[in-house]
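Q: Going down the list, the sequences are from chains B and F. Residue numbering for the first sequence is 1 to 256, as defined by my numbering. Residue numbering for the second sequence is 257 to 632, as defined by my numbering.
Don't take every hint at face value.
Unchecked claim - For lysine to any residue, the following SDA-like pairs were computed, each having C-alpha atoms within a straight-line distance of at most 20 angstroms:
1) B:LYS147 with F:GLU624
2) B:LYS134 with B:MET123
3) B:LYS85 with F:MET540
4) B:LYS85 with F:ASN536
5) B:LYS147 with B:THR169
6) B:LYS85 with F:THR541
Stated by the list, open to error - Computed list of chain B residues with no C-beta within reach of chain F, every gap over 10 angstroms:
7) ASN34
8) ASP88
9) ASN100
10) MET211
11) SER252
In case anyone wonders, no lab produced these hints; they're calculated from the structure. All C-beta atoms in this analysis are idealised placements derived from N, C-alpha and C, irrespective of residue type, glycine included.
Each chain, letter by letter, is given below.
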Amino acid sequence: MISSSLADADRGDDGAIRFTSVHKWYGSFHVLRNINLTVGRGERIVVCGPSGSGKSTLIRCVNRLEEHQRGSIVVDGVELTDDIKRIDEVRREVGMVFQNFNLFPHLTILENCTLAPIWVRKMPRHDAQELATKLLAQVRILDQAHKYPGQLSGGQQQRAAIARALCMTPKIMLFDEPTSSLDPEMVKEVLDTMTALAHEGMTMIVVTHEMGFARQVADRVVFMDRGEIVEVNSPLPFFDHPQHERTKLFLSQILR
Amino acid sequence: MSLDSLAYVREASEPEEAPPMLSSGALAWARANLFSSVGSTFVTASCVALVAYLLPQLAAWATTRAIWSASDGAACRQHQDGACWAFVIAKWDYLRFGSYPVVERWRVVVAEASGAALIIWLLWISAPRRVWAAFLFFVVYPILALVLLRGSSWLGLPIVDTQLWGGIFVSLLTAVVGIVFSLPFGVLLALGRRSPLPVLRVASVVFIEFVRGVPFITILFMANNLLPLFVPETWTPDRLLRPLAGIIMFSAAYMAEEVRGGLQSLGRGQYEAAMALGLNYARMTALVILPQALTLVIPGIVNNFIGLFMDTTLISVVGATDFLEAMNNAIKDPVWAGPTIMVTGYVFAGTFYFAFCFGMARYSAHVERILAMARK
Chain B
1 MISSSLADAD RGDDGAIRFT SVHKWYGSFH VLRNINLTVG RGERIVVCGP
51 SGSGKSTLIR CVNRLEEHQR GSIVVDGVEL TDDIKRIDEV RREVGMVFQN
101 FNLFPHLTIL ENCTLAPIWV RKMPRHDAQE LATKLLAQVR ILDQAHKYPG
151 QLSGGQQQRA AIARALCMTP KIMLFDEPTS SLDPEMVKEV LDTMTALAHE
201 GMTMIVVTHE MGFARQVADR VVFMDRGEIV EVNSPLPFFD HPQHERTKLF
251 LSQILR
Chain F
257 MSLDSLAYVR EASEPEEAPP MLSSGALAWA RANLFSSVGS TFVTASCVAL
307 VAYLLPQLAA WATTRAIWSA SDGAACRQHQ DGACWAFVIA KWDYLRFGSY
357 PVVERWRVVV AEASGAALII WLLWISAPRR VWAAFLFFVV YPILALVLLR
407 GSSWLGLPIV DTQLWGGIFV SLLTAVVGIV FSLPFGVLLA LGRRSPLPVL
457 RVASVVFIEF VRGVPFITIL FMANNLLPLF VPETWTPDRL LRPLAGIIMF
507 SAAYMAEEVR GGLQSLGRGQ YEAAMALGLN YARMTALVIL PQALTLVIPG
557 IVNNFIGLFM DTTLISVVGA TDFLEAMNNA IKDPVWAGPT IMVTGYVFAG
607 TFYFAFCFGM ARYSAHVERI LAMARK
């Protein structure tokens, strides 16, 4: 908490995402407790923590797949409320990649990528296909464009899901445990894609257990436990000199 | 790998081999499925014997021993061991058109033929420009068909009251109208039942549970007698329109539950992915959710279609003359009275209904196969 507000101090109002005193409950379970965090434009945040610590819930609040009950979340200058127009506005600018890919199985990879640009951005079909082709080439699965998701490996599906999100030319990308349901030999190809994206200056929040990725790519690492932010720091001090007892315990458990 | 050495490194790959004989092929299949044991062999043999005994008899009844032409029932009364197809042939026009005026029957033929052509275009998966077919069939065709069948003094087509409509033409009309309207209504009801808006949800639940909880005949009587009370007095619903409304309501309620099953089997991830991309409710439903949900429940939907086609035979209880009712009327003709007439008539009617329903079932299996192939 304290370290996060200190780290935020020099970022001003210009952040891509700003959480202010955000609380959320599932029934009577207090899943997010007084979250304060500002994510700067172009900043790469890795969120880690034990399961059930609220890290997925945190990023799902950013595009309002979950709603918070108290506090405010401002995404790219738009505050999230019940107003469906604002929610749509935010969702157009925020891409999301899920643990289980969630590609649309009834559409080809190319159609998965062009669906939202055509129907939400009102992009002409031809332009959308051109854009999708470019992005599928970028994630190196252009040769799979006309296959259905079920015909692809897990790693290919997740890269297609990344391309699908990028086709909306989002300003912010959210990754919700993108490598957790992949076979070990496919983790690297997805992480490489994400690293390339980070080098292009995309604002990213990544929930992951891949500490190598965090160390290499993140600007800041956020450690959550029991619904609260316990420690925020740049990767080197975070991993080498964790301050809080719970952070030390967590790191000792995952970095044997 | 011998026991005395713990380490082992392969030097050459094992060769791939063809499966042993009799593990595949027709002979292996027959041995595994028809003659796997004494009991199984016995069942196979007795079934083959039964079919070999019955099939020739049935074939002879329907062909060689049947009466194919006669001007009245006398010949059929003499040869009682064969079907009396002469009766069906003599009554064919009535069975097709009911009491539709003879000189105007070309209008029915035109409507049927153009409808059939459009349906084939629409159902033929690889046909070109199926969007046009859909537009023509769902928008243009109903209007043209109604004008053609009903008549229009402005176009010089004499009005033919629906009371005179009958036969196969009314059965097909009822089935097509029922199928075309009950699916979209069913989808709307299913979406309504899962809506977060309480009013919509309760209304859908009440409608679905009420209609499902009442026999179809009751719905038909209600549509026939209550519908006129609910609409303005100046507009009395047509006598054929009332059972049509009844059959659409009835089928839509069942369809809604089928579709709801499909909606429920989709994971939350599909909704979340669609929402995260910024698709609104209508687009998410139309582009992501329904295409998947409907594909999953094709067998159930087609089951409903088949049931609906059978249920069209019940509209006669409120005075409409469908094919089966026309057959009943034809059988009562004293000129053709005879012991073989009723069997012949019902075998013919049964074959007619079977052909259509079997066709629907085969078509849906075909579509499922294509969809399964495309995705895996």
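Q: With reference to the structure, classify each hint as holding or not holding.
A: Going through the hints against the structure:
{"no.": "1", "hint": "B:LYS147 with F:GLU624", "in the structure": "holds, 18 angstroms"}
{"no.": "2", "hint": "B:LYS134 with B:MET123", "in the structure": "holds, 15 angstroms"}
{"no.": "3", "hint": "B:LYS85 with F:MET540", "in the structure": "holds, 16 angstroms"}
{"no.": "4", "hint": "B:LYS85 with F:ASN536", "in the structure": "holds, 10 angstroms"}
{"no.": "5", "hint": "B:LYS147 with B:THR169", "in the structure": "violated, 23 angstroms"}
{"no.": "6", "hint": "B:LYS85 with F:THR541", "in the structure": "holds, 18 angstroms"}
{"no.": "7", "hint": "ASN34", "in the structure": "holds, 26 angstroms"}
{"no.": "8", "hint": "ASP88", "in the structure": "violated, 6 angstroms"}
{"no.": "9", "hint": "ASN100", "in the structure": "violated, 5 angstroms"}
{"no.": "10", "hint": "MET211", "in the structure": "holds, 26 angstroms"}
{"no.": "11", "hint": "SER252", "in the structure": "holds, 33 angstroms"}
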